[in-house]
Every structure is written in C-alpha cells, then in structure tokens.
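There are 4 protein chains.
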Amino acid sequence: MALKEAATVDALQVFYTDLERKHLAPLWTATADLLPREPKTKVLPFLWRWSDLWSLAQRSGELIPIERGGERRVLALINPGLTGRYRTSHTLWAAVQYLQPGERAPAHRHTPAAIRWIIQGEGSYTAVDGEKCVMGRGDLVLTPAWSWHDHGNDTQEPMIWMDGLDLPLVNDLDGTFFEPYPDFSQPLTKPENDSERRYGLGQLKPTWEKQLGPASPLLNYKWNQTSEALGRLAGSGASPFDDVAMEFINPHTGGPVLPTMACWIQLIRPGIRTRAHRQTNSAVYQVFEGSGATIINGKRFDWKKGDMFVVPPWSWHEHANPTDAEAILFSIQDTPVMAALGLYREQAYEENGGHQEVVSTFQG
Amino acid sequence: MALKEAATVDALQVFYTDLERKHLAPLWTATADLLPREPKTKVLPFLWRWSDLWSLAQRSGELIPIERGGERRVLALINPGLTGRYRTSHTLWAAVQYLQPGERAPAHRHTPAAIRWIIQGEGSYTAVDGEKCVMGRGDLVLTPAWSWHDHGNDTQEPMIWMDGLDLPLVNDLDGTFFEPYPDFSQPLTKPENDSERRYGLGQLKPTWEKQLGPASPLLNYKWNQTSEALGRLAGSGASPFDDVAMEFINPHTGGPVLPTMACWIQLIRPGIRTRAHRQTNSAVYQVFEGSGATIINGKRFDWKKGDMFVVPPWSWHEHANPTDAEAILFSIQDTPVMAALGLYREQAYEENGGHQEVVSTFQG
Amino acid sequence: MALKEAATVDALQVFYTDLERKHLAPLWTATADLLPREPKTKVLPFLWRWSDLWSLAQRSGELIPIERGGERRVLALINPGLTGRYRTSHTLWAAVQYLQPGERAPAHRHTPAAIRWIIQGEGSYTAVDGEKCVMGRGDLVLTPAWSWHDHGNDTQEPMIWMDGLDLPLVNDLDGTFFEPYPDFSQPLTKPENDSERRYGLGQLKPTWEKQLGPASPLLNYKWNQTSEALGRLAGSGASPFDDVAMEFINPHTGGPVLPTMACWIQLIRPGIRTRAHRQTNSAVYQVFEGSGATIINGKRFDWKKGDMFVVPPWSWHEHANPTDAEAILFSIQDTPVMAALGLYREQAYEENGGHQEVVSTFQG
Amino acid sequence: MALKEAATVDALQVFYTDLERKHLAPLWTATADLLPREPKTKVLPFLWRWSDLWSLAQRSGELIPIERGGERRVLALINPGLTGRYRTSHTLWAAVQYLQPGERAPAHRHTPAAIRWIIQGEGSYTAVDGEKCVMGRGDLVLTPAWSWHDHGNDTQEPMIWMDGLDLPLVNDLDGTFFEPYPDFSQPLTKPENDSERRYGLGQLKPTWEKQLGPASPLLNYKWNQTSEALGRLAGSGASPFDDVAMEFINPHTGGPVLPTMACWIQLIRPGIRTRAHRQTNSAVYQVFEGSGATIINGKRFDWKKGDMFVVPPWSWHEHANPTDAEAILFSIQDTPVMAALGLYREQAYEENGGHQEVVSTFQG
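Residue numbers (my numbering), protein chains in the order written: chain A, 841 to 1204; chain B, 841 to 1204; chain C, 841 to 1204; chain D, 841 to 1204.
Treat the hints loosely; a few may be bogus.
Treat identical chains as interchangeable: a pair holds within one or across any two.
Okay, derived cross-link-like pairs now, DSSO-like style, lysine-lysine, Cα gap no bigger than 27 angstroms in a straight line [what the hints assert, rightly or not]:
(1) K844 x K880
(2) K862 x K880
(3) K862 x K1144
(4) K882 x K1139
(5) K882 x K862
(6) K1050 x K1030
(7) K844 x K1050
(8) K1145 x K880
(9) K1030 x K972
Worth flagging that the hints you see were computed from the coordinates, not collected in a lab. It should be emphasised that the depicted structure is a prediction, and the values quoted were computed from it without experimental measurement.
Just chain A, same shape as in the assembly (with noise of 0.2 angstroms):
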C-alpha cells in the first residue's frame, strides 16, 4: 500500500492505533485475504476408515452409558484443517452414533436439523415429535428442526448409523436453540411409522395434508425402494459427473428434504469413472457399497464399504469405480444452502485444463 505523498510512515501507524482504539480497522490491507479471486477453504479432503469408526465405536460402547446432558454417545468427524472446530466441513457435521442392546438416548429437540444414514443393525428406532420410525441398514431417517426425537435399540444386536447435521452452519448463524424433553422418552401418540405411510411409496399424497415447514413430512425413506429407484435409473441414465445420481425428496415441494441439507443416493457402476467437476457447496461421503475411489483437487482417496469421506467446496473431484461390482455412495450435500442465497456455482473440468461453467446462480 503507497502512501500519499504528504503523509508520513508514522503518522499512518497512528491512524491504525487510533482506528483499533475506536473499534475500526482499515479494508485496504485485508482486500486480498477478505476478496480472494476463488474461495480459498480451510476444509480439508480426508477420508475415515471404517476399521477405525467401527472399533472406536465398539470402544466408545464399553467405556460410556447415555445420559442426560451428554444426550448422545456420537463421534464425530473432525476435519484436520478445522480443528478444534467439530466440523467435518465448513457447513456439515458427520458423525456414527452408536446404540448397544436395551439403550435409550433421550429424547430431546434442536434447530440444527439432522438425517441418521443407517449401516448396520436392524429394527431399532428412532422416534420424532410422537412417532415410531423404525429402522435398518440403506434407511434414511430425518429429525427436522426442533422436532422431539430419540433413538432406542430394543433389538439383539449393536447398531450404528451415520449422523448428518447442519449445526456448524446453525452456529455460525446463531441459531441453535435446544430443549431436553421433560421426561427421558417421549410418548408415542401416532401408528408406527406413520409417515412411511402417508408418504412413503410412489408419487402419491394424502389429499388432506398441507405443507406445514420446509423439512419433508416423510420422515423414513427405507431402503428397499431406494435401492429399486438407483437401479431402475441405471437402466435410463447416468450424469457423466456424478453417475447414477439421484436426491431424495420432498414431496411436498420436490426440494430437498431439509432447507440446509441435500441427501444423496449414488451408484457408481463398475469401470466408470466420472469426469471432474467442483461446486461451491460441500459434501461428507459414506461408502454404503463396494469399494473405489475419489480424487479430489489431484490427491486419491481409495475407499472401500464404510469408510467416509468429505469433498471441500470448489474442489475438483471425481469418482471411479475400477472394480467389477456396484459401488454405492450416500453423501449429505450443503446445496440448498448455496442456492437459497444466491451462491451456488458450478464447473466441470475440461480435457485442457481449463473449465466451463455448468450453473451459476450469482450471474444475473
């Protein structure tokens, strides 16, 4: 930064003294940290293994009951360019949770939202605002904000699912509210898997429901049809970035099933490999299936079935899939966040080097 030919260095320092002194600081030599020509993350690409989340878990189950105030026995993914932060990304918060036979979490409610991602373990439950979800493997589990939930296994067996929420974004933004149930369970005042039934088979609705917030009304979409659409959509069509790419949604608006979290199905049929692309939203993998791998920003990461993995924003990636068995991928995606604020961008990388855009929401 020059200075004007009548000023002097020293005068300039006591500018600055007087500006921290009076709670102000100067833009123009911060403009390049502040304004960088492309967002510059701290996010890191990382991959867990699964050997490692499976017998961390199995630990975390001999060592530590449930209890109020800790609420929950969860290890989260702590993303190594954001330590000391919780965060997996930026926005996302990804986790197992763990539940051995005969406990209970109790219940409580939160403005961060969160989806469990079932891997193992089948017909314990989570319950939400008077509801019994049960749950297994391939089930996707929603707990919108500030609706009640907790989770019980009443089965033989240890389960353990995959946590996603949004509370570094709520956060960020100053938005976290949380209330304990007064009592440790919450009544059950509605049919068992109740909204499967309203909403959970085909493009059909009961006529008399209105759309009440912006967070799906079905709160367990179950494998078995998940796994049918994936491959009936092999026999269609495939996105040369993603493959067989599909998102779940709400049915009462075709959106995302919460306003701060995209989920996402993905199979990744063998021999493919993707062509690179990079957003500006970021993403927290699990490998529900097979094995492969992902190159993000020119650096590998060979993945196998339950390791899981995040993709930084406005990082290039692609998938391959070079084994000769079916790969699935779910992943929980910040989009929604992006596009709502005007802020999603996309490009896919071009043979050259170079890049096109694919979306841009911010250009007018």
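Following the hints, position chains B, C and D against chain A.
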C-alpha cells in the same frame, strides 16, 4: 327496476334500443343472473353405467376405423345439463377410448392436456415425446399439453381406458392448438418406460433433471405403486369427507400432475359413510373396484365397478360403501384451476343443516 | 369418416342414436371442431366510441336510479361476436360506470374481481373493506375478489370510469358468489386512502404486513405516480411490440395486481409504429390520451381519447401513433390466467409474413 | 460424564487420545457448548460515534490513496466481541467509505453483495454493470453479487457513505469470488440512472423485463421517495416494536432487495418508546436523522445523527425517541438468510418479564 321520476317507459325502451345498436348492455337488468348468491351451475350430477360404456365401445370398434382426421375412437360422456357442448363437467372432458388388437391411433399434439386411466387390458402403449409407456389396468398415464402422443395395441385383447382432458376449459379460454405429427407414429427415441425409470419409485429424483414445464415428468403412475400406497395409508388415517384419499403428485413440485387437473385415488372402506362437503371444483369419477353410492345434492347415485359419474361444482356430496368389500374410486378434478385463480372454496355440511367454511382462497 | 368394411350406414345411424340416448358422443365426428390447428375465437376485434359511451352514460343517469338489486349504473361493452353473453372478450368484462353528484351505489361483495380506471371526475370514492379510496382521473382502483365495496360521488360533477372484471371467466368456472352488505353502505374503519399510505410510493412496504391473499394490498394506484413512471421509462427503453409499456404490480409479489387480470399502461410515442405480435391472452384497451390506431388481424381501428377497444386472443396486432402528441393506453389483460394454466404463448410477426416464437409456457 | 462400571479413567484417557489421532471427537463432552438452550452469540451490542467515523475517514483521505489491490478507502466497524475477524455482526459487515473530490475507486466484482447508504455528499456515482447511478444523501444503492461496480466523485465535496455487505457470511460459506475489471473503470453502456427510470417510481414495472437473479433490478432507491413513503405510512400505522418501519423491496418479487440482506428505514416518532422484542437475525443501524436511544439487553445506547450501532441476534431491544423531533434509522438485516433456512424466530417481551412467540419458521 324503478324508473327515475322524470323518465318514461317509452324513453327507456328507446334507450335500450340505442344501447343495443352501439353494442352496449345495461348491467342492472342482468345483475341477478350474472351475480347469483352462490354458483348456479348447469352441470348436472349424472352416472354412466359400465354395461353401456363397454357395449357401446365394442360396437364402435365394429363400425369405426381409427384414421387421421377423426384421430381417436373415443366416446365422450356428455353432461345432460350441457347438451351439445361436449362436456362432462363445465371444464372437464371424460371419455372412454377403445383400441382393438393390432390397432394404432395416429400421433399428434394439442394444448389441452390429457390423462389416461386404464380400465381393461395389459400391454398396449401410449408413446409420449419419444417414450413408449406400456400400460396396464390401474395405470395413470399423462400426455401433458403439447406433448406428441400416439397409442397402440399390440396385444391379443381389446384395450379400454378412461380419457380425462381439460378440453372444455382450454376451449373456453381460446387456448387450443393442435398439430398432427408428420408421420402416423412418432419415433421412439428414449428407453421404454423411461420416465418410470427416472421417477417411478419412492421419493427420489435424478440429480441432474430440472423442472421444464408445469406438468409432471413422470408419465406413468403404475397401479402396483398406487395400490400399495392406498393400502398403507389406510393404516394411518383418512379424511372425514373422502375417506382414504390420495393425490398423484408431480415429483418436481409436490403439486398436481397437471396445471389444470388433479388426479385422485380413493379407497372407500367397507361400512364407511363420509361426511358431506362441497367445493367450487368439479370432478369426474371412475369406479375402479367395488360398489357403493354417492349422494349428490340429496340424490343417490348407486355405483358399481366400471361406472363413471360426475360431481358438479358447489354440490354437497358424500360417499357410502355399505358392502363388506373395499371400493376404489379414481377421479379427475379441476381444483388446480380454482386454486390458481383464487376461486377455491370448500364447506362442510353440519348436522343441523348449516355449513362450516373449511378453506377459502378468496377471503383476504 | 370412413366405415369399416363390415359396417353399414344404417348400423352407424342406429349406433349414433344409441350413443345419444346414453348421453355419449363420438369424438371422431367433432375432432376438427374441438381441436383446431390454432385457437378459433368468436371474440371479434371491436371499438366503442367515446362519444357514444359518454352520451349513453348521461342518458342512463337521467333514466335510471341506482338501487339494490340492480346495484350499479353500468353499461357493459358487448362483443359483437358474443351477442347475448355479456362479454367484452371471452373472459373479460369491460364497462363504463356513471355516478351523478350525490349518488351512492350500495355495498356488496362478489368473487369476480374488479378494477376501476377513472376516466373523468375528481373526488368521488370507492370504499373497499372499510377503506375510503378517493379517486381522480387516471387512478387505478382495485376491488379484489370477495372484498366489500361501494361507491359514492359527493362532488358537484358526474363521475365516469371504466370497470374491468373477470366476470365472464368466473361465471364460466361456476365460481361466482355474491353477497349484499346488510346496510346500504359499509362503515369506514380505516384511515382514508390507507393502502396508499402503506404501499403507494416507491419500492417500500410496511415491515409488519404479510401477504394475505393473491391480490395486491395497494387499492389505488394514483395517476401522478403512473404518469411520472411512464415518462421516466420513456427515457430508458421500450418494447418493439408495445412501446413504453408498464404493468401495475402487487407489491407483495411483483406479479399482477389480481390473480386473473393484469393491468397495463402504455405510452405510444409520436411517430411510433410497433411490430405486430399475437398472444393467447385477450385485452381491452381504453384510450386515455391522444389518438392513433391499432391494426388487428389486418383491420385498422382508429382511436381517439376516450374510445375503448378489444383485442381478441391470438390476433396479430400493432399500434401506431402517427400524430405528434403522446398517446396513452390503459388495458386489462387476462394474461395471468393463461400463464398460471400453462397456456400462454406469444409470437412475433416476421417481415416475410412468417412468425417467430417469443414465449411459450406449454412447450416442455 | 459418568463412566461405565467396567471402565477406568485411564482407559478413557487412552480412548480420547486414540480418537484424536483418528480425527474423531466425542460429542458428549461438548454437548452443552454445541447445543445451548438459546443462541449464545459472541456479537456484542456496540455503538460507533459519528464524530469518530467522520474524523477518521477524513484522516484516511489525507494518508491513503485509492489503488488497485487495496481497491477502496473503507473503514470497517469491528465488533468488540469478534476482534480480529473483521465483522460488525457475525454475518454482516458495515463500514464507512470515503471518496474525495476527483477520486475514483477501481472497477471489480465479487460474490459478497453490497449496499451503499449515502450519508453525505450529492452527485458522486456508483457504476453497476454499465449503469451510472448518481447518488445523494439518503439514497440506497445496490451492488448485487457478482455485478461489476466502481465509484467516482466528480463533485467539489468529499463523499461518505455506509457500506453494508454480507461478506462475513459469504466468507463463512466459502463462497467468495473476486475479479478486478480489466480496466480501472468500466464502460457505461446504459443510460444514466437507467434502473431508476425502469423501476424507480410507484408500483409499476416494464412489461418486457423478466426476473434474472435473486437481487432487485432497481439499483438506486432515492431518498425523496423513501422520505415521502415514511411520512405517508406515519399517517396510517406503526409497529409496536419498530414504530414506522418500512422495508425496501425487490419489484420483481416483493421480497428483500438481496437474498442475504434486507434493508429497512424506520421513523421513530417523537415521544415513542417501542415494545421490546428479539429475533434470530442481527442488524446494523445508521442514525440518519435525530437522536434517541436503543436499549439492547438492558443496556442503553444513546445515539445521535450519524452514529452507527449493532443489535446482536436474539437480543432484546427497544427504541426510544424522547425528543420532540423525528428520528430516522436505516438498517441492514440478515433476516432473509434466517428465513430461507428455516431459522427465523421472533419473540415479544412481556410486561411480567416473560415472552411471547411472534413468529417461528422452525416449528412445524
């Protein structure tokens, strides 16, 4: 109408004549007709017997070929209150279409949108914008406004279905365009049943698909899905007016399948008699299974499998299933039109003969 | 229509008779009528002279009092193509309403929505839902569906305005409700011109107001604002089809002032001749200032101040102002109906007699 | 946190170390921090004095030239609770920008969106996407996300305005893109004040303009309109919490001027003391006229003309104008973000110290 003191009846008569010559008309002599206290529809409640529909359809097959110009072998249900105007209700056209083994109906497109509700036959098809949709009993097939479509029966049995169109509405709005396809049939450029592969199962959509128009991208709602959805909902709840009633939805919006028509499927459980209500929309029903009765403005219409009937706008109606078997009703409704234009209103009938406002889009 | 080989003309005649007895009708004999290549409207282009409107309105004032039952002293513009159906276009009702000094028109409400476009007079009022809206030349006053409204002239001069209603449309849809207010006039429960105070200036709205229905909360669009807006826009740009054309907007949505009618104001600058286009909507114009001509489907309609004319749907039309003074046209348009139902289409006329698609909401 | 019976503190410590090595973290030790009962913001309420802002802005003008790289002569208001993070609230950046006679600030664009609220000076300009917007005291000028913009002062007096940006939010979302224009200034390709000519007056829009992005097409909301609108509203009604408060609106949607920021203008009438409320959004105010006080969480901030202050999220606040002159407050608010993500909540303070829910977007 009183006259002003200084005026004479003769002067008034001259005045009225002068108005007419200048293509003007007084409101004050027509106010009561133009602005009734409540809608005074000419649409009459009416029921068509399946035995008639079926035998006349068969006779049409013996007499009439399917050719360019006539385009389709269709028998339209003419409302007795609207003779000469080719309408089932004031806005809706319902009909039966009959296709014999080996027959084809030529490809064309038009701005009136259509649905097909398959009554009998398995394996004929409707082709829509390059996609062959294979049809069976209980399937709901869409041909949205301005989509190319043709039909064919390559099976060994005659095929009959219900046609539902917004043709009377679109004609009233002077919005009808029609175009024959240059060839008799259109080329099939997409995989068979492609839209079913993309949207047909569960609450998922391909991630790369954008909403292109107001109509649903799912062109064939298969009966096995519909049937299972109805059965599931029966375990959850029901409407006091419509019993176990579901609306087919556009997976991109959560709204009606077409901007002008909603499609419903209703299970009237054994022993149920619903509460009466009335709405500003009209509806045409097809009795898909079972038997029962609908009381419309106090007149009882007993129905059994295959019958079709119309409920006029703003008519009290209730459904009864006095049998011990399930009854299933399919219907088309012009509700989306009334809602979009701020003219939807619904009232419930009270025990004491009064009524109670349920919904009104025109009260501020 | 050919017959099948085995069939006889006699058999066909018996068949047609049987159909009719069963309230059915063949499509194949009516296809060309029901599905024309392009809309075949019965609406004729037509122009009403101000000299006629004004003198006949004055005569009506001498002959006819304003009373309950007749409700209003209104002369409706009857389209010569729709004789006996009380319509200016197929969907729109346009009229002149005449109120003498000291007169009042009784309070009522109805679901057909209305606009008033003030032609002559300063200081009479329309009361809408408890708010007195004081009116002058060039003001646009709304009485949305189901709002209580009455009129009064406490000035020394007769008042005349254009009424625009969606009455024909709402009647066709069997959606007309009417209710007289218990008293002749309604009580004024809000400050005079209250909606103008809240929404009348600039691009601001009260922070605490929510959108309640589909109609604009601003009930009186004052001429001084409209006039200045037109003048400003003239310095920026113009449409090749409509010259300096603006739409009045609902401040809660940015959309049309009513769900069924858009209101436009157009400045046709001296020397301008616009390019021809056609749309699926109809429009009724009032010549507010100046003179010129509109060519509709090749027929020239010369107009001058005060005249009113109708442009039928899907009619080529262009405007010309061969004078050296500005011409100003106000109009009502049923565009929102066609857009909401996926039936809006617009084409531009090409030099070579062909046409070019501008907008279509019904192409996927 | 209790331990299970079989577990030891040592085993727990080893477990925690193992978790950390694998980039995992326990939720149960952090639950209370991550999920507080109510938002615990670090944003402090604070007030900056005009005398400081003005004298330091002038000193910056003596010392610092405006150059590429630094780009702007801007003093940012740093919240004392967020030292080192360049934020006025957690999501909002407010600043003063100072431009001397003859100076120009270089053209660039960025995805953080900005508003300018003109405090002093008449006749300098902001150029936005080819349009020169001439600015005076009380004008609100937008530079939406990714729009090219530069500033210039061709007058004889220094110019100072408030900058309001969503920069902290967009940075937190890793959504910041920046690009300098190839030349120092951009070419002016549109008529001066073009958007004012199109959208600046009354409730009308050009008929041919379509909404292109989420931001308002009106780039300059002129003070004379704003001032008159406020005065008119004062004759109609007021909010118990905000007194005579208006929001600037996007004429294409009726919504906020930017997808991330709402702009408000408030008249606090003489003698008014508002009722306290709190919302999940934050706001930064500029005192445009008059003097008074705002009580935030029980602490009184006396303000006079030119001062700026911040109201943190979820803070009780009320405004008082004990003088006999009008006070006018301008503010930026991140309300649209909280509303779009289902996180908006508002409560009113009750006499008895309790509170009453006013709005919540996150309750089903």
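Results for each hint:
1. K844 x K880: neither (32 angstroms within a copy, 44 angstroms between copies)
2. K862 x K880: Result: close only across copies, 25 angstroms inter versus 30 angstroms intra.
3. K862 x K1144: Between copies only: 17 angstroms across chains, 55 angstroms inside a chain, cut-off 27 angstroms.
4. K882 x K1139: This pair counts as within: shortest intra-copy Cα distance 16 angstroms, inter-copy 37 angstroms.
5. K882 x K862: Cα proximity of K882 and K862: across copies only (19 angstroms, versus 30 angstroms in one copy).
6. K1050 x K1030: Only inside one copy: K1050 and K1030 sit 18 angstroms apart there, 33 angstroms across copies, limit 27 angstroms.
7. K844 x K1050: neither (64 angstroms within a copy, 46 angstroms between copies)
8. K1145 x K880: Neither. Shortest intra-copy (31 angstroms) and inter-copy (39 angstroms) distances fail the 27 angstroms Cα cut-off.
9. K1030 x K972: within (8 angstroms within a copy, 42 angstroms between copies)
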